Every structure is written in C-alpha cells, then in structure tokens.
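> Chains as they are written, first to last, in our numbering: chain P, 106 to 472; chain Y, 10 to 434; chain U, 7 to 304.
Hints should not be assumed to be uniformly reliable.
[Claimed, not checked] Straight-line alpha carbon distances no greater than 16 Å define the calculated EDC-like cross-link-like pairs of lysine to aspartate or glutamate that follow:
{"#": "1", "chain 1": "Y", "residue 1": "Lys90", "chain 2": "Y", "residue 2": "Asp152"}
{"#": "2", "chain 1": "Y", "residue 1": "Lys28", "chain 2": "Y", "residue 2": "Glu18"}
{"#": "3", "chain 1": "Y", "residue 1": "Lys90", "chain 2": "Y", "residue 2": "Asp195"}
{"#": "4", "chain 1": "Y", "residue 1": "Lys113", "chain 2": "P", "residue 2": "Asp199"}
{"#": "5", "chain 1": "U", "residue 1": "Lys95", "chain 2": "P", "residue 2": "Glu139"}
{"#": "6", "chain 1": "Y", "residue 1": "Lys143", "chain 2": "Y", "residue 2": "Glu106"}
{"#": "7", "chain 1": "Y", "residue 1": "Lys102", "chain 2": "Y", "residue 2": "Asp152"}
{"#": "8", "chain 1": "Y", "residue 1": "Lys127", "chain 2": "P", "residue 2": "Asp320"}
{"#": "9", "chain 1": "P", "residue 1": "Lys272", "chain 2": "Y", "residue 2": "Asp292"}
{"#": "10", "chain 1": "P", "residue 1": "Lys336", "chain 2": "Y", "residue 2": "Glu106"}
{"#": "11", "chain 1": "P", "residue 1": "Lys126", "chain 2": "U", "residue 2": "Glu265"}
{"#": "12", "chain 1": "Y", "residue 1": "Lys164", "chain 2": "P", "residue 2": "Asp303"}
{"#": "13", "chain 1": "U", "residue 1": "Lys95", "chain 2": "P", "residue 2": "Glu158"}
{"#": "14", "chain 1": "Y", "residue 1": "Lys90", "chain 2": "Y", "residue 2": "Asp197"}
{"#": "15", "chain 1": "Y", "residue 1": "Lys113", "chain 2": "P", "residue 2": "Asp233"}
{"#": "16", "chain 1": "Y", "residue 1": "Lys164", "chain 2": "Y", "residue 2": "Asp70"}
{"#": "17", "chain 1": "Y", "residue 1": "Lys142", "chain 2": "Y", "residue 2": "Glu107"}
{"#": "18", "chain 1": "Y", "residue 1": "Lys382", "chain 2": "P", "residue 2": "Asp320"}
{"#": "19", "chain 1": "P", "residue 1": "Lys405", "chain 2": "P", "residue 2": "Glu139"}
{"#": "20", "chain 1": "P", "residue 1": "Lys336", "chain 2": "Y", "residue 2": "Asp291"}
[Said to hold, decoys possible] Every beta carbon over 10 Å from chain Y, so not counted as near; a handful from chain P, in silico:
{"#": "21", "residue": "Thr150"}
{"#": "22", "residue": "Ser259"}
{"#": "23", "residue": "Asp265"}
{"#": "24", "residue": "Ala307"}
[Stated by the list, open to error] Coverage of chain P stretches by chain U, computed from C-beta distances (three or more under 8 Å per stretch; other residues unrestricted):
{"#": "25", "stretch": "151-159"}
{"#": "26", "stretch": "231-240"}
{"#": "27", "stretch": "327-336"}
The set of hints was computed from the structure by calculation and includes no laboratory data.
Remember, predicted model here, so these are calculated numbers, not experimental data.
Quick reminder that beta carbons are idealized off the backbone N, C-alpha and C, glycines included.
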Amino acid sequence: MSKLLKVFLIASFAVASFSAKAVTVASWGGAYTESQQKAYADTYTDPSSIQFENYNGGLGEVRAQVESGSVTWDLVDALPGDAITGCDEGLFEDITTEIAELSTPGPDGESMLEDMENNGLEYHSGWDCCVPQIFWTYVVFYDPDAFPGDKPSSMADFFDVEKFPGKRGIHTWATGIVEKAMVADGVKPSAVPTVLRDQTGALDRAFAKLDTIKDHIVFWSSGAKPLELVKSGEVVMSIAYNGRVGAANLAEGENFEYIWEGQVLDQEYLCLVAGAPNRDAAIDFMMHASTPEAQAEQAKYITYGPMRASGIPIIQAGEPWGPGGVDIMPHMPNTPERLKVSIVSDPQWWSDNGAEINERYSAWMGN
Amino acid sequence: MEVPISTAELLTTDGVPLKQSLKKAERKNKIRAFLLVFPLLLFIIVTFVMPIGDMLLRSVDDTQINTVFPNTFSEFKKWDKEKDELPPEEVYKALFEELAYGDKIQVGRALTRMNYSKSGWKSLIKNTSRAIKKAVKKNEFPDSYKDFLITANDKWADPTYWYAMGQMVNFQTPIYYYNAIDMTYDQDQNVIRQEENRRVYVQTWIKTLKVSVYVTFFCLVLGFPVAHLLANLPLRYSNLLMIFVLLPFWTSLLVRTTAWIVMLQQQGVINGILVWLGILNDDGRLSMVYNETGTLIAMTQILLPFMILPLYSVMRVIPKSHMRAAQNLGAKPATAFWKVYLPQTIPGMSAGGLLVFVLAIGYFITPELVGGKDGKLIGSWIAYHLKTTLNWGLCAALGAILLGVMLVFYWLYNKIVGIDNIKLG
Amino acid sequence: MALPSYATPVQRTYYYAYLFFCSVVFFFLVAPLIAIVPISFSVSPFMVFTDGMLSWPPDPDAWSLRWYQNMIGNCSADVVSSTVPCSHKWMTGTVNSFFIGLTATFIATTLGTIAALGLSRPHMPYKGLIMAILISPMIVPLIITAAGMFFFYARINLVYTFTGVILAHVALATPFVVITVTATLVGFDMNMVKASQSLGARPVRTFFKVIMPLILPGIISGALFAFITSFDEVVIVMFMASLDQLTIPKQMWAGIRQEISPVILCMATCLVALSIFLLTTVELLRRRSERLRGIKSR
Chain P
106 MSKLLKVFLI
116 ASFAVASFSA
126 KAVTVASWGG
136 AYTESQQKAY
146 ADTYTDPSSI
156 QFENYNGGLG
166 EVRAQVESGS
176 VTWDLVDALP
186 GDAITGCDEG
196 LFEDITTEIA
206 ELSTPGPDGE
216 SMLEDMENNG
226 LEYHSGWDCC
236 VPQIFWTYVV
246 FYDPDAFPGD
256 KPSSMADFFD
266 VEKFPGKRGI
276 HTWATGIVEK
286 AMVADGVKPS
296 AVPTVLRDQT
306 GALDRAFAKL
316 DTIKDHIVFW
326 SSGAKPLELV
336 KSGEVVMSIA
346 YNGRVGAANL
356 AEGENFEYIW
366 EGQVLDQEYL
376 CLVAGAPNRD
386 AAIDFMMHAS
396 TPEAQAEQAK
406 YITYGPMRAS
416 GIPIIQAGEP
426 WGPGGVDIMP
436 HMPNTPERLK
446 VSIVSDPQWW
456 SDNGAEINER
466 YSAWMGN
Chain Y
10 MEVPISTAEL
20 LTTDGVPLKQ
30 SLKKAERKNK
40 IRAFLLVFPL
50 LLFIIVTFVM
60 PIGDMLLRSV
70 DDTQINTVFP
80 NTFSEFKKWD
90 KEKDELPPEE
100 VYKALFEELA
110 YGDKIQVGRA
120 LTRMNYSKSG
130 WKSLIKNTSR
140 AIKKAVKKNE
150 FPDSYKDFLI
160 TANDKWADPT
170 YWYAMGQMVN
180 FQTPIYYYNA
190 IDMTYDQDQN
200 VIRQEENRRV
210 YVQTWIKTLK
220 VSVYVTFFCL
230 VLGFPVAHLL
240 ANLPLRYSNL
250 LMIFVLLPFW
260 TSLLVRTTAW
270 IVMLQQQGVI
280 NGILVWLGIL
290 NDDGRLSMVY
300 NETGTLIAMT
310 QILLPFMILP
320 LYSVMRVIPK
330 SHMRAAQNLG
340 AKPATAFWKV
350 YLPQTIPGMS
360 AGGLLVFVLA
370 IGYFITPELV
380 GGKDGKLIGS
390 WIAYHLKTTL
400 NWGLCAALGA
410 ILLGVMLVFY
420 WLYNKIVGID
430 NIKLG
Chain U
7 MALPSYATPV
17 QRTYYYAYLF
27 FCSVVFFFLV
37 APLIAIVPIS
47 FSVSPFMVFT
57 DGMLSWPPDP
67 DAWSLRWYQN
77 MIGNCSADVV
87 SSTVPCSHKW
97 MTGTVNSFFI
107 GLTATFIATT
117 LGTIAALGLS
127 RPHMPYKGLI
137 MAILISPMIV
147 PLIITAAGMF
157 FFYARINLVY
167 TFTGVILAHV
177 ALATPFVVIT
187 VTATLVGFDM
197 NMVKASQSLG
207 ARPVRTFFKV
217 IMPLILPGII
227 SGALFAFITS
237 FDEVVIVMFM
247 ASLDQLTIPK
257 QMWAGIRQEI
267 SPVILCMATC
277 LVALSIFLLT
287 TVELLRRRSE
297 RLRGIKSR
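All chains, full assembly: derive it from the sequences and hints.
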C-alpha cells in the first residue's frame, strides 16, 4: 500500500513538474478564451508558454490553492468583484510597482491607469493586482423582423409589455438587471451607480420595476441561450452578453439590433495569483496582454471593447478591423457616444452587496 | 447402565479449561477478522470521514476573524447597549490599532467574513483603513479615536454596523446554521427571521424536498409494474429485459442528462418529431426543459433503476401461489393484489423509495443543467457558496443540515431493510 | 407470466394495458440513450434528426464522422465548424480518465476484497457499525463529500493532484467492491478454508488457491463497478481536479454548461458503448458465479 502511494506521489509530481513550465491562465473557456488565445498568446514572443484552463468564475479554487500553498494557476481572468476580493484577501499579489514600471503607456504618455480612467472607470483595489482586459456588457437585443412597426429603443421599452408585447429573456442572477431596472424607472444611466449606493430604498425601487414584467420573463443561465430564445421567437427581446450577439451578427449572418441605452458595462481583469509558480513570466505576459494594441487585437475575434481608452482609436483607424473585412465599430460597446447612455457597473458596490442582492433576486425568482 | 457424568471441568489436551481455550480462540478470530477490515476502515476514515468531520467543524468556526480583532472584540463585549448608543472609546481605539498594524491579508480575509453579517462592511473598513494608515504614517494619532473614525466614515456612527459585529465575537458560532434556514440575529443577539425579501433557503429546502418526493413518487409508479413484470416473466425473457434497466444504471449521469437536453429542448428530438409528424406547428413547440418539468423527467429516468432493482429482488421471492390461493378462495384479482401481494412488496417499496429519495435530495448536476431558473436546489447553493461567495461557513452549514436529513433516512433504511442487505443488480 | 386462457375480456384489457405501460417505461429508460447515437453521426452541428437523416433511401450526405474526428483531435479543415471548437482535450481526458479509473479500481478492489473477507467471518465484532462506515461514501450526497474533501484535501496539498483525485475516487468506489464481494461470500463454504488449512496451506496460499478462484466473479464485478464509479464521476473532479487532471466527465460538464456540441454526443455514444460492454461482462460473471457456487439459477 505505502509503496503504491509512493508511486502515485512520484507520478503526480512528475506530471506536475512537467507542466509547470507554461504559464497557466484560468479563464472562462469557449469563444472568449479562443479570442484571448489569438489576441494575446499567439502574438506573444513564445505562444507555447501560455496555456488556458477553464473555470467558472469565483475565487473558491484560488483560495484553496493559496491557502494550501500548492498554487497551480498563475493568472486568473477575473470579474472585477473577484479582483477586489482577491486582492484584499491577498489571494492575488499586489503588483502596483510592477504595473507602474512595466505597463505600456498610452499614445499621449498617459499611464495605463489614467488610460482606463479615460474610459469612465474609477480606481478600486483590484487595480493593485490586476491588469485590464475587456469591457463586456449586458445589452438588450432583438430581431428587427419581430417588430414590423415601431422598434424598441430604450430600457423603458424593454420594461413596457403593453407597447411591445411578448416575452423578455433575462438571466438568473442579479448583476446588470438591477441597473437596467433603475434606468427603466427613469434614472439617468450615468447616475445609476450613485443612486444605488446612496439612496435608501433604491433597490426596492428596482425590484418593484422588475415585478411589472415578472410574468413575461423567460430566464436563461448559459450565454448561448438568449440567442436561441430570440431566434426561435420564444422571446421578443433578451438581455445577452454583447459578444454573443456580435458573433451571431458577424459570423452567422444574423441581423440582430442592439439597444445600447441602459447597457451595463462590466469589467474583466487578468490577475496574478499569489505564489504563482511562474510569477515573472506571468507578469511579462500580463504586460503584453494589457497593451492598447493587444486589447484592440482581441476585438477582432470577439466584440468586447478594450478597457483602455486608447484601444478604440486603433480599431477605428484600422477598420475594417473584423474578420473578412467587416467593420466592427458598430458592435463595440464603449465608443464615446455609447458610453454616455451606459452604466458602468460599480464593482465595489457589488462586492459589498452582491451576495445579499443575489439571495434576494433568487427569492424573487422563486416566488 | 448409567454413564457417570463428570462434574469436573472439561480440559483440552494441554490442560487449559476448554471454555477458556474456546474464548481465546474466538478472541483470536475476532482480531483476525478485524485486522482484515482495518486497512479499509482506516482508509475510509482518513479520506472520507475526516473530511466530512472537518467540514462540520468549519460550519461553526469563527476563529479567523477573532485572531484579527481580539482586542476590539474583547472591548466590544464590555459595551452596554442600554446605556450608550455607540460603543465606548476603547472599542474605537482597539479597532484603530488593529487596523493600523494588522496583517493586510488577514484583515482582508476578515473583511470577507464581516460582509456576510452585514453588507457594506467591506468598503467601510477598507476606506477607514486607508485613512488610518495615512494618519499613522504621518505619526498623527488622534485624541479621540471615536471622532477620528466617524470623520473618516460616518457609518461608524451608525449602530447597526456595531450590532452586526456582535455576531462575530466568539470563536464558535451557530450563525451559519441560522442563516441556512433564513434566520439571523437582531441587535441583542436574539434569533429572528431574515428580512422577508432575503428568505431564499427555506424556499430552496422546500423545493428540494418537493422535487425529491415527486421523483420518488414517479419512480414508484413507473417502477412497480416493470419490476412486477420482470419478476414474473420466465428468466430468459426477464434477463433480456433487465438490460433496459441496467443500461441506464451503468451509463454516466452526464451522458443521460445530455441526452435529455437533446431530446427535450425546443429544437430537440421530441419537438422535432412532433413537428415533422404535423402534430405541432413550428411555433407551437413545447418547452419541456430548462424548467421543473425537465428536472422531474430527467431525474426520474436517472433514478428509476434504483427503484426497480430492490423492488425486483423482493418480488422475485414472493411465491406465485399466494395470489392464486387468494383467488381460489374467492378474492377478486384486485382484492387479492391489494390484500395479499402488495403488503409483501412493502420492504422493496420502502427500500427503493428511500434509496431514490436520499439520492434525489443531494442531486445538483442534473437540476442545474436542465432546471433553468427552478434548477437551483440545495446542492447548487452549496457549490455556489463554495466557489463564488467564499462563504465557506454557510456552505458547510448547508451541507451539515443536508447530511443530517440524509442520516435520518439512512437510519430508517437500516431499520427497515438493513444496511447489509443492499444489492446491486 | 402469460394470461390464463380463462381470462375475462376485462382482465385481458388490463393485461394488455399493463404490458403497454411497461413497454413505455422501458422505452423511457433507454430511448434518450439510443436517440443520441444517430445524431452523433450527423453532418449538421444542430442536434436534431435532420430531414436528410429521416429520408428513405438514406441520404449519405446527411451522415458523417466529422464530429468523431473532431473528438480524437483531428482538426483538419473539413472537420472544423465555426461554432464547434476542436482540440485534443477529449483525448487527454480519455487518457486521464483511464489512468485515474484503473488506479482507483486497483486500490479499491484490493482494499475492498480484504475487508469483505473480514466482514464475512462469523466473528466480526461491531459488524453493523463498521459496515455502515464502509458503505457511507456511497450514500452521502456527492456534493457534501466533494465540499468536505475540498476543504480537507486543500489543507494537506492534495487538491489539484492526481493523488487527491485518486484517493477520493477510491473512497467512493470501495463500497461497491465490499457489497459485491460480500454478496459472493454469502454462499461460500467456509469448510473449504478449513480443509485447505488442515492440509497445511498458509492463509495467503489458501486465499489465492481456494478462495480467490471461487469469489473471482464477485471481485471482478466489484472492480467493474468501482471503475465505472470513478470513470463517470463528475462532482469530485469539478472541485478537486485542474487542467492536468482533466477527465472525460469534467470536459463534458464544461461543454454542456457552455453549449452542447455534437462532439459531446460522440463521447456520450462511446460511453454508452462502454457501459454496454461492462454490463454484459458483469452479467456473464454473475451467472458464472452462481454456477460455481452451486446456486441454482432462479
């Protein structure tokens, strides 16, 4: 028995040390990771030194790795809330100095962080451990053929089942929806985070607005679902990740329309796990993946927007930027004029209140 | 002739009393038997029982935060809520110092914990901490720590945050168990119900039980006739038909779940065939998956073999003559079935029923994949807290309660069927 | 169970309704497993019976092996579809699944068989309690086991290692071995052991020469149960395995969460074939065991 165990231990160590040379990046898989592979890894000096692994978000695995001291991931592609928590808990390493020294400045000499602020973002503690990736958004889209007459154009229309009858597709967790409900209730998009943060009862207002369409909702939980729902006519409009809608329009010849008003921009970061086995190589890759050029490059493969403001002009100048000579600016969520009608989700507020709101949202769904 | 009966003790050849010798031999046999079982027993205890015990400990453990804020908490306990609206100066001072000199990572970890007791702790402490560190760097120590903290963030003047701290001041806490059934503490540490719009766990427990009961019921209804048929057919037919039961039993859960999605979805096989046959028109496709229907259909099929197999093994040994005898004595077939046959299958029904119920109650893969918005059973919440919110205490408490429910049924099963009577196929 | 010739029309109706009901249930049990097989050979990336597949005479253009080629990592241009990713992950997963499964089976079978021998001895103390502990991994919901193991193994550096996954799978698989081997030992004549020992054989020799050949069918079916338990297990690997320990179920789970591709159905078809093979083996062994032990086939 003990002999056997030894053999296994040796075998597993051998396997572990064999694969330890490559920088392991935990990411979401699917088309998104494919775009990261093409835009970041394939353009890197040594593409074979980067390997991607799938995970489903959350910090459970990272915390287990860091606490036990056996870290196998180097980088994690994290949502901003996880970036904040991870950095606060020391699960991600604070690399403020490395970021200041090694990151590529924007074209006018602005630092990377200033470049992000130019895109409507505010500092949060995730910025100490992570570099920016993309803006992805919860956007409402529809098939124009489903509306022969007037077409919906605002959040108010999405919540108005009398003017535009039919079912709505909505996801099964709360982020993004709460903000949209506030816009539909008459709050100016740019003011939504402040109102949610500072006004007591703002959340009740959002849920009251959601109540008005509750009987007209089809819930989805995987990113491919809303497209099926709209395509099959089961719903007339749906919230979706804009990258999915973009892919359907660009690659599959669909003709979906977006309602940019009230879109909720969320952020995506690449964070360094504390005690990463290939720390220096991983930092080098982080710096490569956060240049404006690399971020603009990613937009070629998936229609998520660069989180650095200086990425947008690169795309504009390079049009047609997309595959097969198509313009992709029409699908970019964070052009200056679209930013004006968008909500930039407040990760610190979600990090504080997310667990509670999600419980409330689940209870609301179930009742 | 009388045989003289010896009253002396029987002895073995080496002079030891037989009784003693037998006892010794028996003890030796016992030890031998135990030694054979010992390696596996040890293995299961180390790799399985201890992890579960560890999880149970985690469900009441609040050590981490208590090592981060020991002075704050001990001063906090002295606060007389009746007399003062806010805690005394010493609490503010202790907190100031523990935030100023505390290890960043440990404090960060404690923040995550504090945020479970009240949303908003995270940014409150983080902002305050920043202000404190700035002051300490400049060597500016305030005269009144209370005023300093309240100036840094006016939430420190809000007693509700302080009340919430009361949940955390002990090394052991039952709060996660209360949370797991939608209860919490009020400001005086009395147990009260959670705010109405946050009550999600009781609802989920009920849903989980409901799904399990339905699935058990459907399995019984579908499984009983099939087991009866298998038990009464000649062996060469029943062995053949048994494959229909055993094949799903041997096939991966994920394969079966996938198969059901492919069958049931809107663009799936069943809808496709119905449209092709002209029974449905293209926009009238049924939605059979990503809702409770899907969960029930898939789980029933997945668990059905666990009902059929125990039923079958019980029915197999019920003599056919019983039914015939009852009918010969004048009972109608229905009466004979009801009065004679059915009672004899009760051990099988209860074994199958409990097995299906216990398995169903812990399922989460299938409901999560096919259940849509209704698919979040208690198992999903356990996984969610483990992976996403990092609320491992609540995760462990939910697991412990589920385990408790399960053990009750396990115990019942043992009473009714006996744990060593489990048969596989 | 045929219908007696004197059955009344009402009884006849009941009888045929009963047979019909049973056939429906049998259909319900296997139909989904059978339905995915043809779809995995479809040309189309959509998981339906296309018109070409339903037409008669069969339309060869509707069928293909492209998804199987995709599954084995052959990503040539005629195989790849824009919506279906192609990689070597399925093959890596297969190798890992077999490695983990076989190793876990070996350990579980060894430990389980020895324990079953002890449990079937008449003098076993605390039999009920010990049996309950040994069987518990089979009864406790997997999510609880997985959560507990995740916390515990993380403390001792076993999360994301082959050792950790294998140990976990052994724990899950041993109950099956214990149950099947104990069941085989029920009909076992202990006098044979005594005879062997009285003829001078040592216990180990007795085991390999006398006991083992007789209970071998039970051991093998226990081992097959153990193997399939590990091979199909998804919850533990979801929490405790990283990319290095990618197994087939882990890869399937990731795929189903995202979007079900026809490649998943190919793998599912292979797994169904594997289960048919294992099932047949177990059934043959069971009959052999009954014959060997002189139990009359019922």
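> Are the hints correct? Go through all of them and say.
Structure-based check of each hint:
{"no.": "1", "hint": "Y:Lys90 x Y:Asp152", "in the structure": "violated (24 Å)"}
{"no.": "2", "hint": "Y:Lys28 x Y:Glu18", "in the structure": "holds (9 Å)"}
{"no.": "3", "hint": "Y:Lys90 x Y:Asp195", "in the structure": "holds (13 Å)"}
{"no.": "4", "hint": "Y:Lys113 x P:Asp199", "in the structure": "holds (11 Å)"}
{"no.": "5", "hint": "U:Lys95 x P:Glu139", "in the structure": "holds (14 Å)"}
{"no.": "6", "hint": "Y:Lys143 x Y:Glu106", "in the structure": "holds (13 Å)"}
{"no.": "7", "hint": "Y:Lys102 x Y:Asp152", "in the structure": "holds (10 Å)"}
{"no.": "8", "hint": "Y:Lys127 x P:Asp320", "in the structure": "violated (32 Å)"}
{"no.": "9", "hint": "P:Lys272 x Y:Asp292", "in the structure": "holds (14 Å)"}
{"no.": "10", "hint": "P:Lys336 x Y:Glu106", "in the structure": "violated (60 Å)"}
{"no.": "11", "hint": "P:Lys126 x U:Glu265", "in the structure": "violated (31 Å)"}
{"no.": "12", "hint": "Y:Lys164 x P:Asp303", "in the structure": "holds (12 Å)"}
{"no.": "13", "hint": "U:Lys95 x P:Glu158", "in the structure": "holds (11 Å)"}
{"no.": "14", "hint": "Y:Lys90 x Y:Asp197", "in the structure": "holds (9 Å)"}
{"no.": "15", "hint": "Y:Lys113 x P:Asp233", "in the structure": "holds (13 Å)"}
{"no.": "16", "hint": "Y:Lys164 x Y:Asp70", "in the structure": "violated (28 Å)"}
{"no.": "17", "hint": "Y:Lys142 x Y:Glu107", "in the structure": "holds (11 Å)"}
{"no.": "18", "hint": "Y:Lys382 x P:Asp320", "in the structure": "holds (14 Å)"}
{"no.": "19", "hint": "P:Lys405 x P:Glu139", "in the structure": "holds (12 Å)"}
{"no.": "20", "hint": "P:Lys336 x Y:Asp291", "in the structure": "holds (13 Å)"}
{"no.": "21", "hint": "Thr150", "in the structure": "holds (33 Å)"}
{"no.": "22", "hint": "Ser259", "in the structure": "holds (26 Å)"}
{"no.": "23", "hint": "Asp265", "in the structure": "holds (23 Å)"}
{"no.": "24", "hint": "Ala307", "in the structure": "holds (14 Å)"}
{"no.": "25", "hint": "151-159", "in the structure": "holds (count 3)"}
{"no.": "26", "hint": "231-240", "in the structure": "violated (count 0)"}
{"no.": "27", "hint": "327-336", "in the structure": "holds (count 3)"}
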